[in-house]
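Residues per chain are reported as follows:
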Amino acid sequence: MTSATVQVAGLRVGLAGSALDIVDGIGFEIAAGEVAGLVGESGSGKTTVGLALLGHCRNGAAITAGVVLIDGINVLHATAPELQALRGPAVAYVPQDPGTALNPALRVGEQIAEMLLVHVPRLDARERAARLAELLQEVRLPAGDATLRRYPHQFSGGQQQRIALAMAFACRPRLIVLDEPTTGLDVTTQAHILDTVRSLCALHGSAALYVSHDLAVVAGLADRVMVMYSGRIIEAGSSAQVFGAPGHPYTQHLLRAVPDPAGHRGVSGIPGHAPSPSSRPDGCAFAPRCDRASDICRRTVPPATMRAAGHRVHCWHADVTETLAIPAVLRGGFTARPALLAVQGLDASYGPAKVLHGIDLVIQQGECLALLGESGSGKTTLARCIAGLHPGHSAPVRLHGQSLPCSVRDRKQAARQAIQYVFQNPYASLNPRRTIGEIVARPLQVFFRLSANEAARKVGAALERVALSTAMARRYPDQLSGGERQRVAVARALAAEPELLVCDEITSALDVSVQAAIMELLVGLRQSMGLSMLFVTHNLSLVRGVADRVAVMNAGRIVELGPTAEVFDAPRADYTRELLANTPGFRSVPLTLDAAV
Amino acid sequence: MSAVATIEKPVRHAGLLGRALSFRRAQLGLATVVAIAAIAMLGPLVAPHSATSFVGAPYGDPTARALFGTDGLGRDVFSRFLWGGRSILAMSLAATVVGLAAGIAVGLTAAYVRGWADEVLMRLMDVALAFPQIVLVLLLVATLGPQPWLIVLTVGLGHAPRVARVTRAVALEVVERDFIKSAKALGEPAWRILGAEVLPNISSPLLVEFGLRLTYSIGAIAAIGFIGFGVQPPAADWGLMINENRIGLSIQPWSVLLPVLAIGLLTVGMNLFTDGIARASIGIDRGAAQ
Amino acid sequence: MLAAALIAIPASILIGVAGAVRRDRAVDHILSMASLVLAALPDFVIGILLVMLFATQVFHVLPAVTMLDNDVPIWRQAAQVILPAVTLDIAVIPYMARIMRASMIEVLESEYVQMARLKGMPPARVILRHALPNAMVPFIQVTALQLAWLAGGVVVVEFVFRFPGIGQALIDAVANRDLPVVQTLALLIGAVYVLLNTLADVATILLTPRLRTAHS
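Residue numbers (the working numbering), protein chains in the order written: chain A, 144 to 740; chain B, 189 to 478; chain C, 3 to 218.
If you are wondering where the hints come from, they were derived from the structure by calculation, not from laboratory data. All values derive from a computational prediction rather than experimental measurement. Just so you know, even glycine gets a beta-carbon here, dropped at the ideal spot from N, CA and C. Just so you know, not all the hints are guaranteed correct.
[Stated by the list, open to error] Not the full set, but computed from the structure, chain B residues with beta-carbon under 8 Å of chain A: (1) Thr240; (2) Arg365; (3) Asp366; (4) Phe367; (5) Lys369; (6) Lys372; (7) Ala373; (8) Leu374; (9) Gly375; (10) Glu385; (11) Pro388; (12) Asn389.
Could you put the whole structure together from the sequences, leaning on the hints where they help?
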């Protein structure tokens, strides 16, 4: 046998009571001290694989075949008590959201200590206390009783994730499964957590499986990378191989969809979306979206092709080495134009807390201004003040020099029409009980006094503008994918024929390939319609490709404002510099796509 | 895309009752309710005697003339049973409608306006909750006398606080969603937002609430009749029948057993059916939230 | 009523947890069917059916009406109290058990309970230490409402058994249009409710660290 700590072969997880597989034919190995990255978009089955390594699957699913060996012990054959004994000492888990995964009713000290209490019963109270102190130090939490006696809600998100890490490493596991542990954390906190994970794995020689949708994070952390699509691993190899010379068309497209913080290339999306487990095609699951697909792709699942030592690609056309065109940088240059909208000395509060302090901001006609900030910076509040959705801010918003009332209810119809807002989460911004046609028709009825029939006739054109088919009008939101829903939300906003489109983190709930497609759409619309845009985001890389100017926000203040290139290449504020430094990118990895420029 | 549409077929409102009836308990429940309701509504048309005519000796045994014997005054038990369901059914239904309408109105308003008005409304509801329904009814009956409209109104308004709480709880979650903000940004008036955007999204929990409240209304109205403050003698009423005849329980059980069974089956059937709706609607709401 | 409450709380916790842990197995189905049926029955219907079963028609083991002697301590006359107390319990336990079950199921599906399982915690510890304290909060709120409701249900049940208590007194007062007595008794019942709710709020705060510790 090989020396790998973890060996997985033929793993299959299916929906209980049906022949549908969530994941199938999963096989890989991880050596001691090695970090393996498992990347995929939502629905690819990456979390299912991660949980299967602990012998667990969600309600309604069942592990139907395969072997998971950890130090030679098959986790999938363990009885319930055996499994219980394996979890902790052999394999540990770090959850995606420690906010919900830590028990709100128990002190964190007890939650960490019970790992030792249950799995290492030979320790006495004093030895246990010593281990706890050591663990706190390893995960860089403040030492002492004060930390242990507190409850989870008394810690920040980053600290909560450190507590989860302490729990996971308490028994020095052979394998640790990390399920998107930095999603929802700020880039700076994320960088610190990743650093801790890396050093703990090296220190204890634990093998790690790092599950993530974020290719840039995985590129910077993992020794080896596996890419999942629709329940299968479609490419695996060293980080340098997968990110430097991707062999599968999906991987290639996916890398082109990741925005580049350096701004050397634009993004391009992948048309369509991944099939759900119930509608996977025969053959290669990517074939319907693949421009290289041939008959054999649609008939038979492709076997592994070795491109190089340790670099495995599941594609019938893995030998094709054509280079994909590099997406062009779509951003236009910055030119001074007359002001469309201005705020001066704006303060705003959220409950008792003041969240915006003296904001001065001008949005010029026809420009795209990016509002960049981490969570809690006040960027969304500012966007809502502008749209009249945040009651009670101190200074008026001026549109074409005219003051607007605070609340959208008190604004004149022309002002309501001029500023349109697209919300972050397309799953919440469309009424699930109305058809797409009714949703898009509503602004036409309200603003242009069209009858229901007249409005319905115009819906088709509004949908086509965002590259949706007219037939979509009869569907309900839950019959659409996330990307399609966000297109509907954009169509609804554009139906009002606004002057300013406020986009509030509109791609943060979407997969990177879908995000890229939405960005392409927005850039195209802006050029064809001469729209002004306020683009609110936490994603620094994304800004580079769309914005003329950037306003960087921190703690309720604009700390830097200037043309995009200037802010990125010669940041003046310390905060911007820190942000730039902590944003993961592919800088360390040679990218053939870049090299072909 | 088409594959998604056919396989994960969305279940909309028309489908809710159908899906509820896929549970065997719900079928059983609905059948029971329909049967008892049919007795209550159609009973007077087929009753062999009038509800008040005397047909034999007090507490007489079952005979061909009086199928289930006679009551304490010598009236036909079976005929009184067939006559006595209408009032309970009609009053329960009316009380439930009153309670639901009032509760939904208060709950929706509280959830939508928030702030101090929400606080005041919900505190008022809490105070109203402090008096058990039956005590509230007794209090008012003591003041105004046993009037049917008064009982309908108090039982109904007795439901309102709980309905308001449920409505507010489910509406709060909907009101916070972005499509409501989007409607506000369009300048839609509050009544339209509540009626066209919020209400359709909370209709399944409200339907469940309707079933639940109807169950409790039947129980409460029957109990009020039973303790003698509902429909007044000599009229026939299931609750009243139990009260009138329980002294003779050991001699002639039918005059008590028939109405007791009818009330019991009605409430149990209603609850089983409501449970089916609740189960079906959980599935639907999950589907819509995905 | 106190007797009924003392039985009701532990019994409904036990039944609720049993149903949740054995979810969708036979035990759960039987418990949930039984609780659906019993929760629907009005309390006086239960009372009369019990009387027919144990006192008049089938068995003749317990008194159909309660005749308490005020000079004898209540525990010596336990037989007199059994039927009224059991009636009240049957009326409240199913609902409380359902809430307990629902609350427990929600907690058992939560991420932190899944996390406890993934940490390799033994099942007993998962249920008692990780799940139960969190599941108790909604249960306590409902219990307060249910016990307050007992105060109302008592009126009808006392009438069934002619139990010489506050409910019987209330009905007599209403029949006699004795308004001051009615008002006093109604107020008394209202006070019980306020007291129970306050107790429930205190218990909730004790069980929810988020409510009693400051954010940092």
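Each hint tested on the structure:
| no. | hint | verdict |
| --- | --- | --- |
| 1 | Thr240 | violated (51 Å) |
| 2 | Arg365 | holds (5 Å) |
| 3 | Asp366 | holds (4 Å) |
| 4 | Phe367 | holds (5 Å) |
| 5 | Lys369 | holds (6 Å) |
| 6 | Lys372 | holds (6 Å) |
| 7 | Ala373 | holds (5 Å) |
| 8 | Leu374 | holds (5 Å) |
| 9 | Gly375 | holds (5 Å) |
| 10 | Glu385 | holds (6 Å) |
| 11 | Pro388 | holds (4 Å) |
| 12 | Asn389 | holds (6 Å) |
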